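Engineer: Add chain B to chain A, keeping to what the hints say.
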Amino acid sequence: GQSLEQPSEVTAVEGAIVQINCTYQTSGFYGLSWYQQHDGGAPTFLSYNALDGLEETGRFSSFLSRSDSYGYLLLQELQMKDSASYFCAALKAALIFGKGTTLSVSS
Amino acid sequence: GAVVSQHPSRVICKSGTSVKIECRSLDFQATTMFWYRQFPKQSLMLMATSNEGSKATYEQGVEKDKFLINHASLTLSTLTVTSAHPEDSSFYICSAQDRDSYEQYFGPGTRLTVT
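Those sequence lines, one after another, are chains A and B.
Numbering follows our numbering, in which position 28 of the first sequence is assigned residue number 28; successive positions increment by one, without gaps.
Numbering follows our numbering, in which position 7 of the second sequence is assigned residue number 7; successive positions increment by one, without gaps.
Bound conformation, chain A alone:
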């Protein structure tokens, strides 16, 4: 089978740095994506790693290590509006989503 595991919840304060990990048991995928979803909304694309290493996009960075079957999303300078659910997703023909991590940012 294929599965992507994430922590279910993470809490942090404004201005902090948070890392959301994603470990997976799937093979033959093109890359690992990260999506943000606010309550009632559709997922919005954050970052994509086709190759091992770090991808940086503003306050968000994502990392992939295929040899370790592991990736993470790093959120810096947290803001209240970052409170949302975050999903890693393996890109095969379709996107296979992880279970999601609910991030709560407090002041």
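Treat the hints as calculated values from the structure; they're not laboratory data.
Keep in mind it's a predicted model, so treat the numbers as computed, not measured.
Possibly wrong hints are sitting among the right ones.
As the list claims (entries may be wrong) - Keeping only pairs whose Cα atoms sit at most 30 Å apart, straight-line, the calculated DSSO-like set for lysine-lysine is: (1) Lys99(A) / Lys20(B); (2) Lys41(B) / Lys92(A); (3) Lys20(B) / Lys64(B); (4) Lys64(B) / Lys99(A); (5) Lys41(B) / Lys81(A); (6) Lys55(B) / Lys99(A); (7) Lys92(A) / Lys66(B); (8) Lys41(B) / Lys66(B); (9) Lys66(B) / Lys99(A); (10) Lys41(B) / Lys64(B).
What the hints assert, rightly or not - For each label pair, taking beta carbons as the anchor points, the in silico distance ranges come out as: (11) Ser106(A) / Glu103(B): 26 to 36 Å; (12) Ser73(B) / Ala93(A): 19 to 29 Å; (13) Arg66(A) / Ser101(B): 16 to 26 Å; (14) Thr11(A) / Arg99(B): 35 to 45 Å; (15) Glu63(B) / Glu5(A): 19 to 29 Å.
From the three backbone atoms N, C-alpha and C, an ideal C-beta is built for every residue, glycine too.
Structural biologist: Below, chain B alone, put in the same frame as chain A:
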């Protein structure tokens, strides 16, 4: 940027009726569209892959006779929930794959409530 629309955004229907949800790529052509379902506080689960001009491919456990998918053009796919029941109440989200760039773009989702 690429835009995908879904219609309706919300629908309430009675048990036993059928509901059609449309997914349109507005400024690009999509040979492939994907349909996902998301229950509250859960992840997105792939239901089926829809290819233009051919039959959809359904994931294990998804009843193809209950969730009818039609992808008649390069910009439109429809999902029809037939004989809906309260347990079909969910958030249905489509994504469309740009046939040139292969990037996927999500629609805003359709919230279905079956009473």
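Engineer: The structure should be examined with respect to each hint, and the outcome stated for every one.
Structural biologist: Structure-based check of each hint:
1. Lys99(A) / Lys20(B): Between Lys99(A) and Lys20(B) the Cα gap is close to 28 Å, so the pair holds against 30 Å.
2. Lys41(B) / Lys92(A): holds (24 Å)
3. Lys20(B) / Lys64(B): Holds. Lys20(B) to Lys64(B) sits at ~14 Å (cutoff 30 Å).
4. Lys64(B) / Lys99(A): Distance ~25 Å between Lys64(B) and Lys99(A) Cα, so the pair holds.
5. Lys41(B) / Lys81(A): Cα-Cα ~19 Å, so holds.
6. Lys55(B) / Lys99(A): holds (29 Å)
7. Lys92(A) / Lys66(B): Status holds; Cα separation ~25 Å.
8. Lys41(B) / Lys66(B): holds (24 Å)
9. Lys66(B) / Lys99(A): holds (25 Å)
10. Lys41(B) / Lys64(B): holds (25 Å)
11. Ser106(A) / Glu103(B): 26 to 36 Å: holds (35 Å)
12. Ser73(B) / Ala93(A): 19 to 29 Å: Given about 20 Å between the Cβ atoms, the range holds.
13. Arg66(A) / Ser101(B): 16 to 26 Å: holds (23 Å)
14. Thr11(A) / Arg99(B): 35 to 45 Å: holds (42 Å)
15. Glu63(B) / Glu5(A): 19 to 29 Å: holds (28 Å)
Taken one by one, the earlier hints all hold for this structure without exception.
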